[in-house]
Amino acid sequence: MSDAQEPSILSRILITGFYFGPLLFGFLFIPPVTAQIITVLGWTPPLGLSPLLAGFVVGGLWGLYAQIRGSWITWRV
Amino acid sequence: MASIVEMPPLADLTKKELIRREQEIAQKYIGGVPWFAVFWGLGNLAVWLTLWPLVFYGFLPLWAGFLIATANITLSYLPSHEAQHDIIARPRTKLRWLNELVGHLSTIPLVLPYRVARLTHYQHHRNTNDPDLDPDYGSTARGPFDAIMSSILNRQPRSTKGLNGYGETLVRIGRPDVILDGIAYQIVFYGLLCTFAWAGFGIEALLLWWLPRHIGLTYIQFFLSWAPHHPGNEQGRYRNTRSWRSVIGNIGSLGMQFHLIHHLYPTIPITRHPAVYREMRPILEARGCELGGL
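In order, the protein sequence lines correspond to chains A and B.
Per the numbering used here, the first sequence runs over residues 1 to 77.
Per the numbering used here, the second sequence runs over residues 1 to 294.
Just so you know, the hints here were simulated from the structure itself, not pulled from any lab data.
Ranges of calculated distance between the beta carbons of each label pair, as one might list FRET restraints: (1) A:Leu-53 with B:Pro-266: 51 to 57 Å; (2) B:Leu-192 with A:Leu-64: 21 to 27 Å; (3) A:Leu-41 with B:Leu-67: 19 to 25 Å; (4) B:Arg-90 with A:Gly-70: 38 to 44 Å.
One-sided excerpt, in silico: chain A residues whose CB lies under 10 Å from chain B: (5) Leu-14; (6) Trp-72; (7) Ile-73.
Computed far set for chain A versus chain B, every beta-carbon distance over 12 Å: (8) Gly-42; (9) Trp-43; (10) Ser-50.
Cβ coordinates follow ideal geometry from the N, Cα and C atoms, glycine included.
Required output: the full structure, derived from the provided sequences and hints.
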């Protein structure tokens with residue numbers, strides 16, 4: 001029986017990156033898009049938050065939810 | 001509308017004679033270069049790429065760009081599908097490069113690598129409706145609404161069905177190397193989305209690519225994976241796919257009313273399916289195919 005090959009460092013980075021995909025999407029895409037939508041709509045976020053900070057709150061919470069639950073839109077996959 | 005071709009009575013014919021007549025009809029429609037699919041695939045991509053500067057520079061309103069992009073991405077799969085079956089040009093022919101070019105390029109907006117699409121699609125043909133081996137079996141659903149929901153839920157992060165399950169199929173058939181294509185496409189896709197977003201074009205990225213892609217994927221999976229194979233509980237050559245009448249017509253359903261012909265003869269170009277169906281219909285009926293009143 002042959003030993004399983006250890007994944008390379010690059011493989012580990014990719015696997016980890018994809019595993020945390022929801023969190024990454026929540027912090028890297030949702031915040032600026034949310035900020036732009038808030039600005040276009042002329043809306044002022046509550047608690048004195050800037051549009052971008054509000055975006056981080058939305059993206060961070062939603063991304064964390066999707067990371068834990070495995071789905072952006074349902075309680076469980 | 002062309003009339004159904006008159007044929008001698010089929011009831012007394014053996015299976016061997018039926019298949020001979022069936023193949024005789026099919027052979028008439030195989031061959032030649034489907035130039036329509038070539039222009040469709042490359043032209044569709046060109047239109048989608050052109051949307052970006054047109055919208056960014058204000059020549060086209062974003063809402064119009066969104067509608068066009070959604071149509072572009074919805075239409076992007078089928079030209080590659082022709083290439084996946086070597087319909088544009090078979091291996092070792094002069095225009096093989098064109099077949100591969102259309103195959104690779106047309107599904108870029110869909111973020112679906114050609115090699116991934118082709119290898120998994122072959123498995124779909126080989127194992128149609130097999131719950132364990134058909135990579136598209138995850139599209140099976142009780143009805144149209146469930147089919148749409150399945151498509152959306154199958155794309156959630158921890159789902160193992162639909163596109164998320166293609167990696168498992170590639171490993172099973174001994175092609176884990178092709179997973180790298182998928183990884184590369186995903187990295188570029190999300191990298192570009194984030195780059196556009198932080199550059200101030202997040203809404204444009206959302207409405208010219210992210211959302212149209214999701215809508216297009218559901219549309220494609222509904223009409224290509226669910227509808228022609230519903231209810232998906234038979235695996236025989238003449239029973240694993242049905243013909244059916246779509247309320248939005250043949251073009252609206254991406255030509256999938258006649259998908260039965262494609263599963264019987266995968267190398268016939270999609271534009272010829274209606275003519276093949278009309279000529280072959282009596283044989284298909286004799287074979288016990290589900291024709292859905294078409």
